[in-house]
Structures are given as C-alpha cells and as structure tokens.
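Q: 278 is the number of the first residue of the sequence shown in our numbering; add one for each residue after it.
The reader is advised that the hints may include incorrect statements.
Okay, derived cross-link-like pairs now, DSS-like style, lysine-lysine, Cα gap no bigger than 25 Å in a straight line [to be verified]: (1) Lys1374 / Lys1352; (2) Lys487 / Lys558; (3) Lys1010 / Lys1029; (4) Lys1405 / Lys1369; (5) Lys773 / Lys498; (6) Lys1070 / Lys1115.
It should be emphasised that the hints constitute simulated quantities derived from the structure, not laboratory data.
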Amino acid sequence: MPEFVHLHNHSDFSLQDGACRISDLVRATVDNKMRAVALTDHGVLFGAIEFYKEAKANGIKPIIGMEAYVTIEGDRFSRPAVPTVMTASGKKRAKHYNHLVLIAKNAQGFKNLGILSTLGFTEGYYFRPRIDIDIIKKYSEGLICLSACAAGVVAHPLVNNDYDRAKRIAIKYKEIFGDDFYLELQNHSMDVDEYIMQGVPKIAKEIDAKLIATNDCHYIKPNHAIPHNVLMKISESRGEVDYETLRYGTDQIYFKNSEEMALLFRDFPDAIENTLEVAEKCNLELKLGENFFPRFPIPEDAETDSLDSYLTQLSYEGLKNKVEKISDDLKLRLEYELSVIKQMGYSGYFLIVQDFIRAAKSKSIAVGPGRGSAAGSLVSYALDITNVNPLEYGLLFERFLNPDRVSMPDIDCDFADDGREEIIQYVREKYGAENVAQIITFNRLSSRQIINDVGRVLNLPIPEVREITKNIPSVFGKVLSINQAIKEVPELSFLKRPKDEQIKKLIEYSTVLENLNRNASVHAAGVVIAPGPIQEYSPLFKTNDNSIVTQYDMKDLEEVGLIKMDILGLRTLTIIQKSLKFIKEIYNVDIDIEKIPLDDPKTFELFGKGKTVGVFQFDKQHTQEYLKRLKPTSISELSAMNALNRPGPMQYIDEFIDRKYGRKQIRYIHPSLEPILKETYGIIVYQEQVIRIANEIVGYSLAKADLMRRAMGKKDEKFMIALEMEFIEEGVKNGLDRKIVEEIFNEIKKFKDYGFNKSHSVAYSILAFQTAYLKARYPVEFLAANMCANLTKQDEISPFLNECSKMHIQVLPPDVNESHVDFTIEDGAIRFGLAAIKNVGVSAVEDIVKARLEKPFTSIFDFCSRTDTRIVNKRALEGLILAGAFDRLHRHRSQLFHGVDVALNYGQKKQERDRIGQASIFDSPAINGDTNHEPKLPNVQTWSRPERLRKEREVLGFYISGHPLTDQDLYVRSFSNIFLGEVEHYDERDRAVTVCVVLLEITTRIYKETKTLAKIKIQDLTGESEGILFDEQYKLYQHLLKEYSTVILRGIAEKRGDSIQVRVNEVIPVDEAVKRLSSGVVIDIEIDNTSKSSLAKLKELLIKHKGGLPVFLNAIAKDGKSERFVLKNHLISMSNGILNELTKIFPAESILIISK
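Please construct the entire structure, taking both the sequences and the accompanying hints into account.
A: Right under this line is the structure:
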C-alpha cells in the first residue's frame, strides 16, 4: 500500500462545517496505518491542543495548521464591496476571501500560526477572520504553505478563468515560502476540478513549485456526506430545507485511504510522495503542563517581598479579625494549609484572588460567602475569599487542594451580576489589558439538541420528534447519548429498527452528528491572566458580540499553563444588595448580611412553612413541599437538603426526613461511622463523608482518600475491582471484620455518583439563609428587590407578583407621577417600575422623572409638553398608556391611545413655542396650532375589560389590574382538575385533565404536507404552559381558538421539564361549560349565618328550574365542622342563568359545580 498523509482536514472546530471529531480523525489515521495527520480548521486553532495530545497518545505525529482566510483585494483592514464569482460547488456568490493552508513546522511556526489567527479576528474580521499577504510574509517563519482548495488563492482565479492572476499569486507565495510552498491538487469529482487539475500542474512547472495531493476532509466515512450536509443546514432559517442537495457539490470529502488517494492522483505520484515530505518537515513539540503565573505586586509597605511570607502575613491578620482567639486547632490547620499552598507554588494565586475580592468590597460590589470546594480552606476564610469557617462545618481542605494530586487551584468567586464587569476591568487594569482575557466555551450538540435540529431540517412533525427527545433522560445532569437511550429506555426501543424511513434517517444522521461542536461563546465565568500578552500563550477569537476571548477552552488553557479565575455574576447578590439598600432608605437600618444570626427562628419558620419563593436554590415548588416536611432548624440540615435535592439523590429525601423524625431507624454499619454520618442521619450525602470514611476505616490520609474518591468516578470496571480489593484488605488490616468493610464499600459505591461537594453546599445554604432572612424580616423590600433584578424579564416578575398577592403585599400600578425606573416602595406597598414596560427604556423613564421634579403631570398634553418626545417617543407613550401609567390622570385608556399623535404634536409645538419665547405677530392657532389650550381627545369607544387586560399584558407580559379568569373563578374552581403553575405536584404520565385557561398565543404549522398542528400558549391563575392540537382537533375547534379568549380545555397532560403540556382533545367555550360539564352543584351554607329568607329563595329557585341534576348543601358549623347532604326532592337544570340567580342568594365562593 502506498504511503500517504492527509494534510487538509477539518474537525468539528470548523464550526457547523466539519462533521469530524478529533478523536475520530486520529482513529481513522491509526486504522489506515498512516504515520501522521494534520488538523487545518477554518481560520482557528480551537482544537490544536486536544489534537496534539490525542495524536501523541495514539502514536501519530500531529501536524497543526489552519486553513486561513486571505483577502482577495486590499489588505486585512479593507472592507470592499466584492464581485460575484464562481465558487467550488459551481454556484455564483459574493466572495470576500480566499483560502490558504498554513502548517507549523516547529514551535516558531506554531507561534506564528497563533498570531495570524489572532490578527484575523482582531484586525481583519469581515464576514470571516481575514489576513493578508503582507502579514503572512511577516509571520512566515516556521510555516509551510499549501495553496488550498477550489476556493484557494491559486485555484479560485483558475476556476474563474484567470490563469495569469493565479500564476502571479503563486509566484508571490513561492517568493515568501520558497521550498515550503506547495501547490495543492484536489479531485472531488466536481466540475471545477477540471480547471484545477489542468491549471495547477502547469503553474507548478512554470514557477518550479512542488505539487501536493490533499482531500478536503470534512467527515470520516463516505456515508457521512448527507449528515454533514444536514449539519450545515441546521443554521438555516426554518421552513422547507433541501438537505440532500450537497452544498459543496460532492460526496467525496471524506477521509480516504492511501490506495484511494494514490489511484485518484495516479498521474501525479510526486504529489502523493510530497505529503510524506511535508510530514517529515513538521516536528512540532509543545511544552504542556508548565505553569505561568502572573506576577502579583506586593505593596511597598508590606513587611516582606516574598509571596509566601506575604500570604502568611495576610492570613494571620485576617484570621485575627474573624475569630476572638486563634486556637491551637485553628493555628494547626492554618499552618498546614499554608505549607501545602507554598509547597505547590500557589501563594501568588491566593494573593491575586483575595486582591480582587477586596477591590470588589471596597467598590461596594456584593461578594458571595463562597462557592465550590474553596469554602473548605481556612486560608480562603482568613483572606475573606470565603465567609465560611471550614472547621465549624467539618469541611476538608484536601477536597479543595490535594497535596498528592498536582493540579491548578480552582477558586470560584460570586459577585453581584451588575458588578462583575467592573471586577474584570479592575483585573485588566491591574495586570494589563493585553494580559487578561475571557475564555471561550463550546456548545456541543447533545442527543436531544441534535435530534431536534435534524428533525427540523428533515421537516419532521414536531410532536413526532418530541416524542423521542422527551424520553431521553438526564443522569446526574448529563443527557444520555442516543445509543444509550435507545438501549436503556423501553419507550425508545422502536428506534433500534425504525419502520418509518424518515425516523430511520433522523436517528442515523443524529448519531453521526451527536456531540459535535455547535458554536462558540464566552464562558460564563472564566477569566485568564497571563504573565505577558495572552496571545503568546493562546490565540484569540472574536465572538458574535465582538468580545475578544481565548481560542483555547479552560482545559486546554490549563494544559498550556495559564492561570484561570472564575469570576461569576450572581443575581442573588444583586438582590441582597438592593434589599439592604431599601431597608436603609426606609428604616435607616444598616444590616451586615455576613453577620446576621444563622439560627434566626423566624427565618427557619419561613423555611419550615415552605414559603421560599425567591429564596436562593430553595424556591422550586417541590422543594417547598420537602421543606414543609423537613422543617429544617440548622444550616447543616439546609445544606443536606440542598445536596440531596438533585436528580439521583432526590430519592433519599423521604428517607432523610423519616430518619430525622424517628419514623425510620438510623443505622450505622460500624460505630466509627456515627461521628461522620450523624449530621445526615446515617445517609452518605457528601463527598467529604466518603473521604472521612476512607480515612477512618482504611487509614488512608485525607489526601489519599480524596484520590480514591476521584478514582471511583471512573467507569473502568477492572479498576473498580482493584480499588475495592485494596480498600477491603486495608480495612481488614485496620482491624475491621471483612464483611463490615465490604458493606461499607458497597454503601460508598452506591453513593459515588450522588455525593455532593459539602463545601459548596454549605456556602450556598448560607447564601440561601441570607435571602430567607431578608424575606422573613423584610418581605416587601426583598420582593421589590427581586422584581428590580428582573426588570426586563417579564416572565420572571410574574411569580413575585403572585407571591405579593399571597402575602397581602399591595403592588401599585405604574404611574407617570409616582413610578421610577425600578420598582420602588411606598408606605409598605410596591410601586411598579416604568422600565419594566415594553418599549419604555431606562433613558425614557429618566427623562420622565426629571421632567416631573418641578411639579406632577396634570394630563397627557402636559406630559408631552415637558418630556423629550425624541426619547419618550410614540412607542414609549403607547406602552405607558396600555400599562395604565396614565390611569390616575385619565381612566379612558382607549381615548388616550387614539390621541397619542394629537398629544405628541401638541407637546412638540408647545416646546418649540416655549423655546422661541414670545410669539410673533404672525403666530395664530390657524397657522401654528393653539398651544395655550389643550386639544380634545378623540371620541372613541371604551375598551371592554378583556380588551383592556389583553393590551395591558402585551406591554407588561402579565396582568396587573386584573386577570381574565378572575371573573371566571367559579368555573376555574369547578372544572379545573390541574393547575399549570403547580407542575411539581404532577407526577403522572398521560393524565386526563380539564383546565380553564386564557389562550395567549396560537401558532400553526403544516406537517405531512397537508396536516395542521396548532401550538397554543395557555395561562391560568397559577402559571403558563403549552397545549397542542393535531389536525383533527384543530379542524374541529379552529373557530374557538382566538387569542385572549377564555376556554376550557380537555385532553391529556404530561410533564415536560418544568412545565405541563396538554394534548387537547376538546375545546369548550366557558359559557357552554355549565350545560356540557355539570353533574350537580354544591352550596356551602354557614348554619348560624344563613337566613331563612335565603333558604326560601333557594327553594323557590329549585322549584322554578326543575331538572335532573342533584343539589348538595354543605352545612358548616361555627367550629368549622361540616356535613354534606343532598336535597332529595329538588333536582335542578343547570345553566348560566341559574348560576347568576344562585350568586344573588349566596356568595359566589360558596358555590361549586360538580364536574363530569
């Protein structure tokens, strides 16, 4: 077999173009017995480190390159209008760049590749990251240049019949690279190949350049052509997609073996041989695993110039401020931690982190009590990095920094989300902007995501696709792969041999594309600091929002030795800060949230009642139910609940609660486990407990015990057997009975996937307690702060409005004379913020507030004459009217709405007149409009209540002055057997439901060519959800599907994540529901308060409306006890009219219709 090396390959780091994982590329190289392989992604080095390691691990020489984008005309700074040209697939389109393959021969070449890729983004970005020939020449050292594909610098002119230009360009690159310039030959059976196969060899001969054979590999196997095409179609707009017509016009861009390539280029054997020559020239060795810490500047007034000594100094000073006395235990722990930190060379890291945390506090930016395993460090506590004393909660330093495991420390820091950017800017200024960057992250196509995407490209009905994706479970937060799900989920077993051809394609294509990179974005937390310019360590990338980030992700940055900081923005901290500000303004009370009593009974009472809407990490409804049963009384119990309240360990919450209250026995396998497991009632909840058990039972050091815990996470069965044997033998040596040790290990093994980081759980439970304390002690201020933090997120505000209602906290409507930008507090009530109204921006509200400082507005005309109508424009004014912000000035919203143009015109003319000053003799109402008298508003019909509420919701995202279902309370109580906002109570599948709702949005789409699927957004008084109607039901009830109408839906409900979806079988207008759904009526009567005349009127009504339905009286005594009995001789005929008459006799809330 002839030898050959693939030098032109795209992985999935050529985003939404390469359908080839790096591991697949290397595996294909091994399988085809090739000695080397290149990675040449489009304009980037995203995968360079992963590729290098993978290739080395498999005995393959890694050749790192990239297919650069090179300007066609002008330099990289130019932004030309470009001509339409012929592309590789034979189609015409505008072209802004050509391709050029650049390959690193050595370390200098790799460095230059990084510089060129960076410059493409930072200087040349125009549709693509472009570079130009001048910058290529400047950074050509150590690089090999290939002329690339049909879109390449040489082939592209040939394809467009410009041989002379192609030759001129080839000569330029030959002059730059000399014998390291190769003219690429590709043959993919495309029409344009004819130009290349004839023109390129001719140029090579004329300029004395070498030919090289490549295949423009975008996927591994020949049958991946269609899946690859589907991948590129995913980003296209919705609708009909032609996924079978190949965008590149060929199915030949797969990883061909050596024989295929030799046969393809049998007329150019030297082109095959030259691939080996290039491979021999490339001898890149990367130095990975070194650490490059930035220099922390020790203050001049410090007692030392040593990082280690300065860390010790700050640690002791800080600890003295935290505790009354540094006990022997504290000193011993502090010294131990400092010795480990110094030994591992991480003193500078701790100093950098404590420095920007101190900076945050000095700028009044809220900082969290801790996050992750750093809360287990006493040094972190002493330095104010965390606010959790690890000794108080039994937290382990080794879980954070293990002296037996060399790895970079990882301290995650939470800041108020509105201050995060300020902290990053502080870091930039301190260490140099060029030395600091945020970190890239890649979003991968999970099984659910790719099935949804491929289903859309294949134009499959959404319900059919969802029927598959809804059955793919997550295990410990990770979605199962397609093959795993098909193997393990019975509902998906039909996918092993699908009968439907389209479903077969769906699974086939999705499996090929699963787990590929979909796009790149900025990591939510990661910031990297280097001792010099970042681009010397990692090339840089520009995201869609123009952020400059590293091209290497977090794990690859660690490989190249850069220090990473996790600087996270946490909205909860902003909410706490805003709450404290409200409290100070209203009560003149300063609260240090870090010093509140963590045993406050009122706060634990709130937890015990499950009133935790808005409480950090405890606000879900199912969590509230658990809290009611647990009734926690300590941070320890909150921490355990927080750790258990996740998929997997959640199944042990009932056991945990029952053991607390003695309903189930607490059993310890061995007495030595009691001190370790006592706080969690004998259940292993935390990773730290596993470490302590191994330390106690086997005698491992805490460091070694942590290594054992980490090792247990591996899926290697043989390794697990060996680990178990060692554990048991060591336990027996330690004097324990073999059976007991085996039982202990089995218990650990059972919890190895469930165990949670106690340090993190304790820190976040303290943060949760802080929010609960504020809610328990200052509910108005806390809920107002929550709504301020979600000002522009209308869906997020709604739950807090509901909570205000439950807590009898009044929410005042928006008002142009009273409201501000944010939600504010007025005499114990919350005033709606104007910036929460759609189309009313912050600048508009600021102008309104400024304008009313002198005096309140008296009318819409006065308002328009005193505000800047360029800022408070027509859309803003309409939004204010629809939201009711003018209601106190004029109740007639429809009249105001239709008078907007009149009001704006009046205001503009009055402002112009006031600006000019005294009117001239030519001024007259006929010419300029009379601004001395306010005009009349148009005479229009008042909106009905439903219409007014509908328009209100359009600009607020919810109802504030009422709800359409409030008037339908009797029907809601009588006919709804499910509430959309209480999904946590819903555990059944395919349950028959009836629910009274408002239809908010109706959308339809065509499936199976002629059938219609309708999706309806529905809302009841508790929340929102989705309903679907298939073709048959849609045709039956289409006439009833009107936006903002109130109807009763009957159908089948199923839980979908955090919501309920209703598959609608029947739509019933509310006014028909009584006749169609009633099977009787129940009337509550208070024995001591119901008059004889009321009962007489009831009897008269029953005689008047005889029918066939029973009437029940529920007689309620003074002590609350009740007895229900049927009026045997009085059957009734139910109708809306009869109900109206009943509500004149008895309160509406005392009447209930019995539903069929």
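Q: Look at each hint and say if it fits the structure.
A: Verification of the hints:
Under the criterion of a C-alpha separation no larger than 25 Å, the hint pairing Lys1374 with Lys1352 is consistent with the structure, at around 22 Å. At most 25 Å may separate the alpha-carbon atoms for a hinted pair to count; Lys487 and Lys558 meet this at roughly 14 Å. Among the hinted pairs, Lys1010 with Lys1029 is consistent with the structure: their alpha-carbon atoms are about 24 Å apart, no more than 25 Å. Between Lys1405 and Lys1369 the alpha-carbon distance is near 19 Å, which keeps this suggested pair within the 25 Å criterion.
Our distance criterion of 25 Å between C-alpha atoms is met by Lys773 and Lys498, whose separation comes to about 21 Å. Our distance criterion of 25 Å between C-alpha atoms is met by Lys1070 and Lys1115, whose separation comes to about 10 Å.
Checked against the numbered hints given earlier, the structure satisfies every one of them.
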